[in-house]
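As a plain string of letters, each chain reads:
There are 2 protein chains.
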Amino acid sequence: MARAITVVEKGGPKAIELLQAVYGHTGTAYRVGITGPPGSGKSTLTNQLIAHFRGQDKSVAVMGIDPTSPFTRGALLGDRVRMTAAEQDGGVFIRSMASRGSLGGLSYATHDAANILDAAGFDYILIETVGVGQSELDIASAADTVMVVLVPESGDSIQAMKAGLMEIADFFVLNKCDRPDSDSAYAAIQSMLNLRPQVKGEWLPGGVKAIATEGQGTGDIAGQISDHRNHLVATDAWQERKEQRLQCHVKEIVEKTICSELWHNSGTEQLTSSIRQVLEGELSPYDLARSIVEEYREP
Amino acid sequence: MARAITVVEKGGPKAIELLQAVYGHTGTAYRVGITGPPGSGKSTLTNQLIAHFRGQDKSVAVMGIDPTSPFTRGALLGDRVRMTAAEQDGGVFIRSMASRGSLGGLSYATHDAANILDAAGFDYILIETVGVGQSELDIASAADTVMVVLVPESGDSIQAMKAGLMEIADFFVLNKCDRPDSDSAYAAIQSMLNLRPQVKGEWLPGGVKAIATEGQGTGDIAGQISDHRNHLVATDAWQERKEQRLQCHVKEIVEKTICSELWHNSGTEQLTSSIRQVLEGELSPYDLARSIVEEYREP
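First to last, the protein sequences are chains A and B.
Note that our numbering numbers the first sequence so that position 251 is 251, with each residue one more than the last.
Note that our numbering numbers the second sequence so that position 66 is 66, with each residue one more than the last.
Simulated from the structure, these hints should not be mistaken for laboratory data.
Be aware that one or more of the hints could be misleading.
Which copy is meant is left open, so a pair is good if it fits within one copy or across any two.
Lysine-lysine pairs mimicking DSBU-like chemistry, simulated, CA-CA at most 35 Å apart [claimed, not checked]: (1) Lys-200 / Lys-58; (2) Lys-251 / Lys-10; (3) Lys-256 / Lys-242; (4) Lys-10 / Lys-256; (5) Lys-200 / Lys-242; (6) Lys-256 / Lys-14; (7) Lys-10 / Lys-58; (8) Lys-58 / Lys-251; (9) Lys-58 / Lys-14; (10) Lys-242 / Lys-10; (11) Lys-14 / Lys-251; (12) Lys-200 / Lys-256; (13) Lys-200 / Lys-14.
Here the structure is a predicted model, which is why all the values come from computation and not from measurement.
For reference, chain A alone in the conformation it holds in the complex (with noise of 0.2 Å):
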C-alpha cells in the first residue's frame, strides 16, 4: 500500500494504469476531514479516533496533508500522528504527504491515495491538514465530514467563524476545554451557529467540546461523525459529495494532463525560441501565451 501511493505521488502512465485498476474498489471507505489551526491539537484528536475506531474495530488509515514550508517544515505538523503502538496494528496505516508543487492546497495526489486506501479496504480515512493557504476548502472537496478545530484563546475560533469555516464545517471541536475561557470560546460558537437560517432537513452543524490531551470529547466527535454520516445516507447527500469530489478529481487529472503535455513537447519549444522576441519588444506574452495555447489546440 505504502508503495502503490509512493507511485500514485510519483504520477505518469505507471500511476494511472494503478489507480484505473483500483478505482472500481472504491466507495466503501469514509472520509473525514481534520483542519484547524497549528497548534490546535489536530493530531492529538486524530490519536484518540484511531483508539476510539480501533476499539470497534473498523480500520483506520491517516493521511496528514503538509503544506510544506521550508520555515515550517516540521512544525506545522509537527505533533504529527506518532503512534508506536498504532503503527504495530495492522489495523492501522499512516502517511504524510507534501502538498509543495501541488495546483491547490492540498496534494494533488491526496484524491489518488485516498483512493487506494479505500479500494483497500480501510473503514476510515482521516485527513488531517493544517488549516493554511487553500488547503482547508480543498479538504471539503475531499471529505465526507470535515471537523473544524479551534481553541479557546486568541479570538480565532470567532475569526475562523467569520472567515468561511461555517460553509466548511460540518461540526466544530473546541478543544483544550480545560483553558480559562473555555466557556466563553464555545458560547461563542454556539451563537455564531444559531445565527444559521436552518432549513428543515438540512444537517446543522453542531459543537463538540473536547480535552484531546486526557481523552475528553471523542466519544462526542465519533457520534458527531456518526450522525452526519447517517444523516448524508439517509438524504442522498452522500452520493451528491461523492459526486463532487469526483468532478473535482477529474478537473484536476484534466488540468495535470494537459499541462503535462504541453510543457513536455511544443509549449516549451515555443516559448524558449520566441521569449527573446518577447524580451524585445515585438511580441507581447500574451500574444505569446495565445498562439502556445493555439498550437496546443490545432497542432
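Using the hints, position chain B against chain A.
For chain B alone, coordinates are given in the frame of chain A:
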C-alpha cells in the same frame, strides 16, 4: 494605478487588454523580494527600506502577498506595512494582494500587478511575502533580488538554510540582533554560507545584521541590494532573470487561458454529463479526463 491593479486581479479580456498596452513600458523597475517566517519583522524592514529609498528620491511600490487562510488572515502579514506618513507621499504606493485561489503560492496576478507598477515608473518594487506554502519559491521567480529575513531564536535560521532557502536567497538579513543568541545565529549563517562552493564570477550571498525597529542595518541592506543589482547588470544575469521571469509568466497565462476556455465551455458539459457513468463504474475518472482533453484539443 490602484484601479488598474483591481482590473488585473479580476482577470478577463479587460485585464489582458490593459496588460498588453502596459507591457511595452515595463523593464525599468527593480524588483526586490522580501520573505521570511511570520514575526521576523519583514514589514518593519520594508518600512525602513521605503524611507531609505525615499531619502534617495527613488519612488517605491510595495506589494504584500498574503497567503490567505481563515485561520491566519491578518495574522501572517499582521504587522503589515502601515505608514501614515509614507502613504501621504506620492512616491510610495502600497497594495496587498491575496494569493488564495491562484495556481501557485504567489498570487497569479503578482506578475501582472508588478508589470503595471513597473510601467507606472516606480524605481523599486518591494514584494513582501510570508514563507508559507510555495510562495518563497515563487518569489525567486518574481524578484531580481531576494532577501530572506531570519531571527535568532528557535533555530529557524539553520533550518531555513538547510531547507533550500540557500538556493533562493541573494542575501540574508538576521533581524532582531538585540536578542541574546544573535551572535551564534549569525555565526551559524556565516558558516553555512561559507560551505557553498565559490564559483568565480558568481554572486556569493552574504548576511546582514539588523535591528529593524531601531533602523539598524537598513543601510547595509540597501547596500546588499545595490551590490547584487550591480552584479546582475555587470554579468548579464539580470537579463537572464528577466527572461526566466517572463517564461514563468507566459506559462501562467497559457495555463490560465486553457483552464478558463476548458471549464467555461465543453469541458464542464462533458464533466457533468458523464460523471454518472463514472460513479456507476462504467467509466474511470482517467478515461473521462482523457476524453475531455481530447475534445478540447480536437473539438
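Hints, one by one, checked against the model:
| no. | hint | result |
| --- | --- | --- |
| 1 | Lys-200 / Lys-58 | within (32 Å within a copy, 62 Å between copies) |
| 2 | Lys-251 / Lys-10 | both (19 Å within a copy, 22 Å between copies) |
| 3 | Lys-256 / Lys-242 | both (21 Å within a copy, 27 Å between copies) |
| 4 | Lys-10 / Lys-256 | both (13 Å within a copy, 24 Å between copies) |
| 5 | Lys-200 / Lys-242 | within (22 Å within a copy, 58 Å between copies) |
| 6 | Lys-256 / Lys-14 | both (15 Å within a copy, 27 Å between copies) |
| 7 | Lys-10 / Lys-58 | within (30 Å within a copy, 48 Å between copies) |
| 8 | Lys-58 / Lys-251 | within (32 Å within a copy, 46 Å between copies) |
| 9 | Lys-58 / Lys-14 | within (31 Å within a copy, 55 Å between copies) |
| 10 | Lys-242 / Lys-10 | both (25 Å within a copy, 31 Å between copies) |
| 11 | Lys-14 / Lys-251 | both (20 Å within a copy, 26 Å between copies) |
| 12 | Lys-200 / Lys-256 | neither (40 Å within a copy, 40 Å between copies) |
| 13 | Lys-200 / Lys-14 | neither (47 Å within a copy, 43 Å between copies) |
Checked against the numbered hints given earlier, the structure breaks hints 12, 13 and satisfies all the rest.
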